[in-house]
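Residue numbers (the numbering used here), protein chains in the order written: chain B, 1 to 182; chain W, 1 to 353; chain Y, 1 to 151.
Keep in mind the hints are simulated off the structure, nothing from the lab.
Do not rely on the hints blindly, as some may be mistaken.
Stated by the list, open to error - Which chain B residues face chain Y? A few, computed with CB under 10 Å, are given here:
{"#": "1", "residue": "Met1"}
{"#": "2", "residue": "His20"}
{"#": "3", "residue": "Pro29"}
{"#": "4", "residue": "His32"}
Given the structure is predicted, the values throughout are model-derived calculations rather than measurements.
We put the beta carbon where it would ideally sit given N, CA and C, even for glycine.
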Amino acid sequence: MDIDLDPIEQFDAPIYHRYHATSSRAITPFLHAMKRGEILGHLSTATGKVLFPPLGACPESGEATHIPVILSDTGTVIGFTTVHLPIPGSKLVPPFTVANILLDGADQACSHLISECDIDEVAIGMRVLAVWRPAEVWNNSLENIEYFKPTGEPLVDIDALQQQCLAKAEQRKEAAKGGQDA
Amino acid sequence: MREVAIVAYAQSPQVRQEKILNEVEMLMPVIEAALTEAAMTMNDIDFVCSGSCDYIAGGAFSFVGAVDALGATPSKMESHVEMDAAWALYESWLKIQAGEISSALIYGFGKSSVGDLPDVMSQQCDPYYLAPLWPDSISMAGLQASALLATGRYTERDFAEVVVDSRRKAKANPAAQLSGDREVEALLTAPYIASPLRRHDCCPITDGVSVLIITDKSALPKTTKKPVYIRGIDHRMEAHQLGIRTLSESGSTTQALAQAKLQAGIEQFDIAELYAPFSPQTLILKDALGLDDQVDINPSGGPLAGHIMMSAGLDRFGMSFRALQKDEVTTALAHATSGPCLQHNMVAILEAG
Amino acid sequence: MTVPDNSLLEADFELGFTYTRSPGIIIGKFLAALKQQKIYGIRANDGSVLFPPTEYDPRTAESLDDFVPLSDRGRLLYWTWIDQPRDHHQMSQSFAFAMIQLDGADVPFLHRMLADSPEHLSSGMAVKVQWAEERRGAITDIHGFVSATGG
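From just these sequences and the hints, can you work out the full model?
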């Protein structure tokens with residue numbers, strides 16, 4: 001027989017799980033440094049590259065990383081996107097621009113917001129500077145940097161920048177090898 | 001069929017809580033240890049396959065992050081199963097059979113201490129009839145244990161004997177979390193946590209990782225003294241709804257064994273490593289596999305001595321590999337399971353080369 | 001308070017998966033009936049009655065649609081007593097997860113068995129549904145099962 005009722009079509013079935021996280025060996029010094037207003041990367045001795053944010057592993061070589069490198073809070077935009085749709089749960093009001101920023105001294109880009117300029121002005125190669133929140137509210141996160149703003153310097157040729165970075169990484173790699181040999 | 005051999009196995013200590021290292025940091029030294037044992041580098045590995053579950057530690061796409069531990073430059077041929085890493089081994093074995101690859105590195109990892117594993121496991125249940133009741137993994141195993149007692153085949157004393165045996169054997173396994181000399185009488189005085197299960201009947205929450213390397217016979221590393229061949233391997237799954245199954249038996253295990261025996265032409269085993277996270281399941285599996293007292297069951301201590309969720313099945317292959325390095329052991333049965341109450345079972349027959 | 005540098009940082013967090021489920025026609029009708037305190041099983045092609053109803057026969061995968069009305073009574077087969085319920089169990093007192101076979105059904109299913117203590121439970125005892133006070137068309141509209149003979 002049939003059941004002469006309209007089927008329940010949809011129902012909410014939210015699931016909540018609780019977790020207790022601990023910061024790992026590699027990430028802990030980075031998180032403490034953020035609270036001091038310092039940006040900490042990791043040197044990969046296998047490749048000579050400076051990784052940021054530091055996760056404790058060099059994805060290129062698979063080797064553990066732990067040597068800290070203090071990075072500048074200035075950098076170069078190597079890619080960006082402008083978001084026009086609101087993101088559920090986000091405090092950000094569209095439109096806003098998220099950029100991949102290569103911090104000076106790093107070989108790996110990180111994502112952050114670009115502000116204090118027109119969206120149309122954001123360009124690949126743009127030089128940017130971190131705008132920090134007041135020191136009183138600093139916590140153990142990248143949120144201490146509210147956004148990056150243009151420095152007004154001329155655009156950088158990012159292909160040339162890549163070559164410079166690779167050359168420097170090669171030097172650091174050789175230096176690390178020499179250190180090991182000694 | 002191509003002859004596929006296990007050539008290396010490494011495991012982290014099976015600890016109750018790894019507070020300091022994240023999954024990638026746990027994996028790196030264990031991958032290195034396995035590669036060293038096989039005298040291989042990542043460049044010698046054709047394929048990498050892992051087993052893990054994001055719900056366990058609450059990190060979305062954690063298996064993608066884990067690839068960092070491999071040094072994925074140049075990029076690797078990689079795959080992942082949201083199942084125990086024994087199924088990652090099966091995928092790798094199939095790829096060798098297909099002639100696509102000749103070597104594979106398989107890893108599994110789980111940091112169960114971060115979340116609430118029994119609750120997380122209830123998310124395996126169907127979302128309409130079971131999941132809303134949140135039957136956690138211990139409760140479901142308790143129901144299965146109760147079904148087993150109802151048959152009259154075993155008693156709670158038999159459950160305790162499985163635990164005593166596990167703890168005693170685990171004394172020889174330095175990576176074990178729980179080991180020692182326990183008395184059946186003392187165990188039987190402990191309170192129930194999900195009757196008829198007591199705390200000691202349940203596998204311990206464990207943080208850890210493990211890595212296993214297999215190769216085609218043609219690609220066997222020259223330094224491998226005693227490869228362990230996978231002579232037969234099969235897995236079978238039963239219905240999800242508990243009421244449809246006979247919980248006191250494991251028909252899928254018996255079927256998988258029959259198929260594995262057909263492939264292997266081997267009927268007798270010196271040892272068996274069984275993925276039975278709850279003590280009564282050891283008895284159900286022993287019956288399903290027709291193992292007699294001549295077979296040394298879980299010489300490593302088994303999952304009751306340490307249970308890396310998502311890798312405990314792969315560990316049965318690894319522990320068998322280790323046991324087969326000894327002269328007196330030549331054949332082993334490795335079993336892995338997935339799903340509530342032994343829903344899905346894999347059986348492999350291993351032989352020392 | 002100064003935190004010594006490089007001490008591990010710890011934090012609790014909660015992950016929410018805010019799913020909306022679509023149960024489909026067969027389960028949807030079953031749940032709609034449950035909301036009205038009516039219980040149906042489904043007839044498999046071999047004539048046996050499955051509860052709870054699925055749109056397929058879990059043994060043969062044939063599609064099913066022949067509902068069979070069932071009573072709110074059945075038998076307790078076996079159980080596991082949960083002395084200290086977990087938060088997710090949504091139970092303020094000890095209870096049992098149990099396999100219960102409804103009268104007229106040919107297979108048991110998992111639900112809650114409510115009793116003051118495990119001593120009140122026995123294999124084969126007659127049980128009946130205790131309905132949830134608020135029903136929304138979910139398996140939890142059945143709050144659990146209690147002894148059909150009282151006590």
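With chain Y as the partner, please determine if Met1/B meets the hint condition of a C-beta pair closer than 10 Å. Status holds, d = 5 Å.
Can His20/B be said to touch chain Y, with a Cβ gap under 10 Å? Result: holds, 5 Å to nearest chain Y Cβ.
Next item in the hint list is His32/B. Is there a CB on chain Y closer than 10 Å to its CB? Cβ of His32/B sits 5 Å from chain Y, so the hint holds.
Restraint: Pro29/B near chain Y, CB-CB cut 10 Å. Satisfied or not? 6 Å, holds
The earlier numbered hints are all upheld by this structure, with none contradicted.
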